[in-house]
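J.: Residue numbers for the sequence shown follow the working numbering, so the first one is 2 and each next one is one higher.
These are calculated hints, taken from the structure and not from any lab test.
A portion of the hints provided could be inaccurate.
[Stated by the list, open to error] The calculated lysine-lysine pairs, modelled on DSS-like cross-linking and capped at a C-alpha distance of 27 Å, are:
1. K8 x K29
2. K374 x K266
3. K344 x K374
4. K251 x K29
5. K248 x K213
6. K251 x K280
7. K3 x K344
8. K26 x K213
9. K204 x K248
10. K344 x K332
11. K8 x K26
12. K374 x K26
13. K248 x K280
14. K8 x K332
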Amino acid sequence: MKIAVAKETVGGERRVALVPNDAAKLVKAGHEVLVQQGAGAEAYFVDSAYTAVGAQIVPDAATLLGSGDVILKVQKPTAAEIAQMRSGTVLISFLQSLTSPDTVQALAAQGVSSFGMEAIPRTTRAQSMDALSSQATVAGYKAVLLAADTLGRFLPMLTTAAGTVTPARAFVLGAGVAGLQAIATARRLGAVVEAFDVRPVVKEQVESLGAKFVMLEQGAIEAAGSGGYAKELSEEQHRQELALLAKHAKDSDLIITTAAIPGRKAPVLITAEMVPTMKPGSVIVDLAAETGGNCELTQAGQTIVHSGVIIMGPLNVPSMLPFHASQMYSKNVSNLLALLMPKTELNLNFEDDIIAGTCITHGGQVVHAATQKAMQPPPVAVAGGSPA
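Modelling step: build the complete structure from the supplied sequences, incorporating the hints.
T.: Right, dumping it as structure tokens:
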């Protein structure tokens, strides 16, 4: 099989879908690995590192995309890139299929069998392919470094000749993969850490990292959705949640927000009214900026100051650490490839729950149930306020 590694074209994207070490294993297994010139340069994987393991460098995107039997990318393809793919080609990348209907329709029309890395099932068997988790690990770590770099004070307690410096207080909202990594990183840097999540089941994980778990008084509320994600709360539960968060936010020096619901706008956890109650110079790093933000005042891709509070809305945080983010993503992709190609040929076994759950388009059709549902037009209201 010809496995093609495309150079990313989205602005600011520095990752590469396959690193030389994993390319070497594919070559050894009998595959032909094609790498677009400069594809790994931004992640510090130079072309010569690929040729050294037997991969071939292809000078342009059109040749590469038209030649590959399997195309590997990080970001979803553009319309121009899709048009250069052959019918029957297999594409593996993040597709954001629930919110990118035009991309999904174009892939189906082109006859591309696409697999969305964001759709990997959250199961034990699929853990080694879970790119959302691997990239969330990178984001959680980097978010704390961004906050520490911006915060005008030390994170750890220091005893000096000039007196004792008290440790910074960090508050992490959401104890998924990104949140847990943020907790661990903040603790390693010496901060006193609190963490909030609507899922009581994560309490033990939070406390094992040395943080205090903050929860709603009605702690029995079970807000775990499918795949271990949090689900939306009722209006009353959300009101209680905001009151609790306001109490803890005002005493925090830095807040890392990580809460997300797949395919939906990020829930607002830090309201505009909460921000002025926080200490001047405190920092909010909103990892949900790309989906609307957990802070009501977040501006995606920008850093703003409101009432003396610094609010950061970074985009594509994993790409800020492209070397290790690429290594982790490449391993996820390689493990999926091993499932799709148990020998040297492609074997799309749709009886396999991972293959079936990750495939977005195949045979000219959109085959992913959740994506099909997301692409349906909203119900039409009729007289009396009931949907048609």
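J.: Determine for every hint whether it applies to the structure shown.
T.: Going through the hints against the structure:
no.: 1; hint: K8 x K29; verdict: holds, 23 Å
no.: 2; hint: K374 x K266; verdict: holds, 17 Å
no.: 3; hint: K344 x K374; verdict: violated, 34 Å
no.: 4; hint: K251 x K29; verdict: violated, 56 Å
no.: 5; hint: K248 x K213; verdict: holds, 15 Å
no.: 6; hint: K251 x K280; verdict: holds, 7 Å
no.: 7; hint: K3 x K344; verdict: holds, 14 Å
no.: 8; hint: K26 x K213; verdict: violated, 43 Å
no.: 9; hint: K204 x K248; verdict: holds, 19 Å
no.: 10; hint: K344 x K332; verdict: holds, 18 Å
no.: 11; hint: K8 x K26; verdict: holds, 20 Å
no.: 12; hint: K374 x K26; verdict: violated, 38 Å
no.: 13; hint: K248 x K280; verdict: holds, 13 Å
no.: 14; hint: K8 x K332; verdict: holds, 18 Å
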